[in-house]
Amino acid sequence: MNPNNYLILAAILFTIGAFGVVIRRNAIIVFMSVEMMLNAANLAFASAAHTTGSLDGQVIAFFVMVVAAAEVVVGLAIIVTIFRTRRSASIDEANLLKY
Amino acid sequence: MSGESVVFWITGIFAVVGALGMIVSRKAVHSALWVAFAMVNLAILYFTLEAPFLATTQIVVYTGAVMMLFLFVLMIVGVDSSDSLLETLKGQRLLAILFGLAFGALLISAITSTISVRNNGLEVANGDYGGNIQGLAHLIFGRYLLAFEVTSALLITAALGAMVLAHRERWTPRKTHIEMSKERTFSNQVTPLPNPGVLARHNAVDTPALLPDGSPSQASLPVQFRETAQDSDNSKEVTS
Amino acid sequence: MKTSIEYAALAPIEILLTAGVLSILIEAFVPRIHRRTLQLFLVFGSIVVAFGYLVASATQILNGNASVTGGQTQGIRELAASGSVAIDGPGLFTQGTLLIVAFIGAMLFAERSVDPQGDAFAARASTLPGSEDERQFTAQGWTQTEVWPLFLFAVGGMLLFPVSNDLLTMFVALEVLSLPLYLLAGMARRRRLLSQEASLKYFVLGAFSSAFFLFGSALIYSIAGSVEFGTIATALTNTLQDPILLAGIGLIAVGLLFKVGAVPFHQWTPDVYQGSPTPLVAFMGAGTKIAAFGALFRTFYVAFGGMRWEWRPMMWVVAILTMLIGSILAVTQSDIKRMLAYSSVAHTGFILIALTATSPAGLSSSLFYLLAYGFTTLGLFAVVSIVRDSSGEATHLSQWAGLGKKSPLVASTFALFLFALAGIPLTSGFTAKFAVFAAGVAGGVTPLVIVAVISSAIAAFFYARVVVLMFFTPENENTADVVVPSYFTKVAIAVSATATLVLGIAPQPVLDAVVNAGLFVR
Numbered sequence: 000m001n002p003n004n005y006l007i008l009a010a011i012l013f014t015i016g017a018f019g020v021v022i023r024r025n026a027i028i029v030f031m032s033v034e035m036m037l038n039a040a041n042l043a044f045a046s047a048a049h050t051t052g053s054l055d056g057q058v059i060a061f062f063v064m065v066v067a068a069a070e071v072v073v074g075l076a077i078i079v080t081i082f083r084t085r086r087s088a089s090i091d092e093a094n095l096l097k098y
Numbered sequence: 000m001s002g003e004s005v006v007f008w009i010t011g012i013f014a015v016v017g018a019l020g021m022i023v024s025r026k027a028v029h030s031a032l033w034v035a036f037a038m039v040n041l042a043i044l045y046f047t048l049e050a051p052f053l054a055t056t057q058i059v060v061y062t063g064a065v066m067m068l069f070l071f072v073l074m075i076v077g078v079d080s081s082d083s084l085l086e087t088l089k090g091q092r093l094l095a096i097l098f099g100l101a102f103g104a105l106l107i108s109a110i111t112s113t114i115s116v117r118n119n120g121l122e123v124a125n126g127d128y129g130g131n132i133q134g135l136a137h138l139i140f141g142r143y144l145l146a147f148e149v150t151s152a153l154l155i156t157a158a159l160g161a162m163v164l165a166h167r168e169r170w171t172p173r174k175t176h177i178e179m180s181k182e183r184t185f186s187n188q189v190t191p192l193p194n195p196g197v198l199a200r201h202n203a204v205d206t207p208a209l210l211p212d213g214s215p216s217q218a219s220l221p222v223q224f225r226e227t228a229q230d231s232d233n234s235k236e237v238t239s
Numbered sequence: 000m001k002t003s004i005e006y007a008a009l010a011p012i013e014i015l016l017t018a019g020v021l022s023i024l025i026e027a028f029v030p031r032i033h034r035r036t037l038q039l040f041l042v043f044g045s046i047v048v049a050f051g052y053l054v055a056s057a058t059q060i061l062n063g064n065a066s067v068t069g070g071q072t073q074g075i076r077e078l079a080a081s082g083s084v085a086i087d088g089p090g091l092f093t094q095g096t097l098l099i100v101a102f103i104g105a106m107l108f109a110e111r112s113v114d115p116q117g118d119a120f121a122a123r124a125s126t127l128p129g130s131e132d133e134r135q136f137t138a139q140g141w142t143q144t145e146v147w148p149l150f151l152f153a154v155g156g157m158l159l160f161p162v163s164n165d166l167l168t169m170f171v172a173l174e175v176l177s178l179p180l181y182l183l184a185g186m187a188r189r190r191r192l193l194s195q196e197a198s199l200k201y202f203v204l205g206a207f208s209s210a211f212f213l214f215g216s217a218l219i220y221s222i223a224g225s226v227e228f229g230t231i232a233t234a235l236t237n238t239l240q241d242p243i244l245l246a247g248i249g250l251i252a253v254g255l256l257f258k259v260g261a262v263p264f265h266q267w268t269p270d271v272y273q274g275s276p277t278p279l280v281a282f283m284g285a286g287t288k289i290a291a292f293g294a295l296f297r298t299f300y301v302a303f304g305g306m307r308w309e310w311r312p313m314m315w316v317v318a319i320l321t322m323l324i325g326s327i328l329a330v331t332q333s334d335i336k337r338m339l340a341y342s343s344v345a346h347t348g349f350i351l352i353a354l355t356a357t358s359p360a361g362l363s364s365s366l367f368y369l370l371a372y373g374f375t376t377l378g379l380f381a382v383v384s385i386v387r388d389s390s391g392e393a394t395h396l397s398q399w400a401g402l403g404k405k406s407p408l409v410a411s412t413f414a415l416f417l418f419a420l421a422g423i424p425l426t427s428g429f430t431a432k433f434a435v436f437a438a439g440v441a442g443g444v445t446p447l448v449i450v451a452v453i454s455s456a457i458a459a460f461f462y463a464r465v466v467v468l469m470f471f472t473p474e475n476e477n478t479a480d481v482v483v484p485s486y487f488t489k490v491a492i493a494v495s496a497t498a499t500l501v502l503g504i505a506p507q508p509v510l511d512a513v514v515n516a517g518l519f520v521r
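Chains as they are written, first to last, in numbering that gives the first Met the number 0: chain A, 0 to 98; chain B, 0 to 239; chain C, 0 to 521.
Simulated from the structure, these hints should not be mistaken for laboratory data.
Hints are not guaranteed to be accurate.
What follows is a set of in silico ranges between Cβ atoms, one per label pair, in the way DEER data are often shown [unchecked claim]:
id : chain 1 : residue 1 : chain 2 : residue 2 : range
1  : C       : T445      : B       : S151      : 29 to 39 angstroms
2  : C       : T58       : B       : A165      : 23 to 33 angstroms
3  : B       : T175      : C       : R134      : 21 to 31 angstroms
4  : B       : Q217      : C       : R134      : 28 to 38 angstroms
5  : C       : Y52       : B       : V5        : 42 to 52 angstroms
6  : C       : Q135      : B       : A165      : 15 to 25 angstroms
7  : C       : T445      : B       : V5        : 54 to 64 angstroms
8  : B       : V16       : C       : R307      : 24 to 34 angstroms
9  : B       : N202      : C       : F28       : 27 to 37 angstroms
10 : C       : S397      : B       : A218      : 49 to 59 angstroms
11 : C       : V316      : B       : A165      : 39 to 49 angstroms
12 : C       : T445      : B       : S112      : 48 to 58 angstroms
13 : C       : A441      : B       : V59       : 54 to 64 angstroms
14 : B       : V197      : C       : Q135      : 50 to 60 angstroms
As the structure is a prediction and not an experimental result, all values here were calculated from the model.
Ideal placement from N, C-alpha and C gives every residue a C-beta, glycine not left out.
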């Protein structure tokens, strides 16, 4: 099988994730879309590790998981804080700074 | 078709379906479940890519920890918080679709136009250290040791940040047992409050107990169900 | 495989991160009343020690093995931590600049005389804005000393970011510097809703852009088989697989250009600058830009240097858009922090000229520019933090009318910083812009320099507008007051103003230093 198929799958998932960030307005779903993008990058790293025959890609994917876990904690803490203040997780309602 | 390509096409299509399900679901919980579904499928793909350690970590960390954290937060924020899919910026979605398609097409054409002749596989790399996990360990604690050490700063920051933003402290000292019993003794109500539903027709929590004179006792109800509290409480209801 | 970390070469980073861990221990075990004092000692002490170590080791290595080839000093070149980190002249200079910025930034963080309620951060960030809890904590004078560990980790990440020599270390450093900043952005004492919103926007867009950086790294890795810059550079010269490489370079550029705030990835800047606590804006606005430009230069000069003819057209477009849109949108702002945010976008564009020039002069002029810009930004926001009315900082431009009569010293200092931003002679901004423009002309990007001159002229208009407003408009009942700060802010403003003048009048020693810093190690 053509090894590029994995990269193409990763690119499709990445695009869908990026698309979700742009069109969804619930902060939590936006954030899930970012996680989807990171997963797509991980898939690309794992498949590239396979094609290039080096383990670095797998190690990097592992690091990305650790970093993503930390990022999720911080992000969800910020979202919960905003929610407690406003009782809403919609990005559109967070618009005091626009004028 | 080889076994690898069968697995690829099935799980690959499932992963894309999961990702699409995430962005079209109205309810955030459904989105979260779709993402978890896509992540499990990616884990299966990691197995076909000779990355068993990564596949296991993917399931444990992503579907097990990260997505569960998302679900916890969704429960805090309100399960039925659903997103209206109406556009607020006119034409934004159409523009986003066009840009998204163009971006994806560009990315995919860039990848397909690259003729990848190499498919080295990982036998050699794994063989150097006697296995996949041993090889990863050599890299993590060798070549990438600095990144590994610096990651600890990241985890500390995350824990500290969650605590700063979410941990509520007391601004008064906590009452001791002695203070509480003194307070109770000198208050008007030394005995416990009556239970709801006592001597009444139902024993549901929202049914006030009847006092000896037959009048309902509001004090027997939980605060949320008391008549005086009820009217003002409606405004505090969680909006979604 | 060799498992070694050259701790001596990495000392500044290690000192700051260790101080961060100690600072957590202080939070955990020291009684509340002593925490602030101890934290201040720890923060200033660690920055000073790290800076002293940096200067000492830089001079030692420079005297020891500086090699001169073809009249050009090569400076310090060494790879550390198995190739994860590059210790070289530009990297060390950037680290030094960052430590200076961190020191002055910490002074602004420590200030608690300008707000009658305490420092610039919420008494407890976990309390609901407007709640009884918040009032009680504020009235009892609680302060959130947890800002100090967060600050130290952010500085540690910033120090690592510009010297990372592979894409993974760079990604980890990017997150280490960003996560504390996302958190700190949401912790303002006043106008907390705005602050939390700024934090959310900064976080969502920051995570979005770091995902782009990562996917780009994956594409590059799929061709090069390594994420190390040196290996990537060799692999790129040996392959003709252009499209996927271009896609990878473009995606990495998105991630890095977001951090420096270049158009079209600048949308977060005005919101975050306006909503976040002002000391944080001063530190973040200067520090992030310096660190991210350090990383941007290293990535594009070392790893992608061989493909400069492919990425230069993209940088042309980004530089032109950044300069013009930054300057034009700054003119329309009525809030001083928002205006300064857009002006920072315009300055990003000027530094991008140096990047596009792809020459040693481009690199050294950008190092000078970043140093000068760091001092100016810190000074500007330090002044913004002491111009207040009863509800907090007076950021609306109309409240600055007649400030020159009310408080001539503060207003003239602010005018000095504005002149530096505008690039008036005898200020650091003039020297910096001159160096960058000269490097641009020599590097063959003259059209960019012409656009830069035009946008400087547009920018001069709104800087002049603020100066006119301060000095030639009568005072009215809306005019804000100038609070007398403690020595922390006084010294911060004085140092920034002195540096702005010195770098304008006698810049030669520093200009020599940036040239002597030499080139990146490959």
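Hints, one by one, checked against the model:
1. T445/C <-> S151/B: 29 to 39 angstroms: At roughly 48 angstroms between Cβ atoms, S151/B and T445/C fall outside 29 to 39 angstroms, so the hint is violated.
2. T58/C <-> A165/B: 23 to 33 angstroms: Roughly 47 angstroms apart at Cβ, these two residues miss the hinted range, so it is violated.
3. T175/B <-> R134/C: 21 to 31 angstroms: With a Cβ separation near 25 angstroms, T175/B and R134/C satisfy 21 to 31 angstroms, so the hint holds.
4. Q217/B <-> R134/C: 28 to 38 angstroms: Once the Cβ atoms are compared, 30 angstroms apart, the range 28 to 38 angstroms for R134/C and Q217/B holds.
5. Y52/C <-> V5/B: 42 to 52 angstroms: violated (59 angstroms)
6. Q135/C <-> A165/B: 15 to 25 angstroms: holds (19 angstroms)
7. T445/C <-> V5/B: 54 to 64 angstroms: Given a distance of about 59 angstroms, which is inside 54 to 64 angstroms, the answer is holds.
8. V16/B <-> R307/C: 24 to 34 angstroms: For R307/C against V16/B, whose Cβ atoms are near 42 angstroms apart, the range 24 to 34 angstroms is violated.
9. N202/B <-> F28/C: 27 to 37 angstroms: This hint is violated: roughly 51 angstroms between Cβ atoms.
10. S397/C <-> A218/B: 49 to 59 angstroms: Holds, since S397/C and A218/B (Cβ atoms, about 56 angstroms apart) stay within the stated range.
11. V316/C <-> A165/B: 39 to 49 angstroms: Once the Cβ atoms are compared, 43 angstroms apart, the range 39 to 49 angstroms for A165/B and V316/C holds.
12. T445/C <-> S112/B: 48 to 58 angstroms: violated (34 angstroms)
13. A441/C <-> V59/B: 54 to 64 angstroms: holds (55 angstroms)
14. V197/B <-> Q135/C: 50 to 60 angstroms: violated (38 angstroms)
In the structure shown, a violation is registered for the earlier hints numbered 1, 2, 5, 8, 9, 12 and 14, in ascending order.
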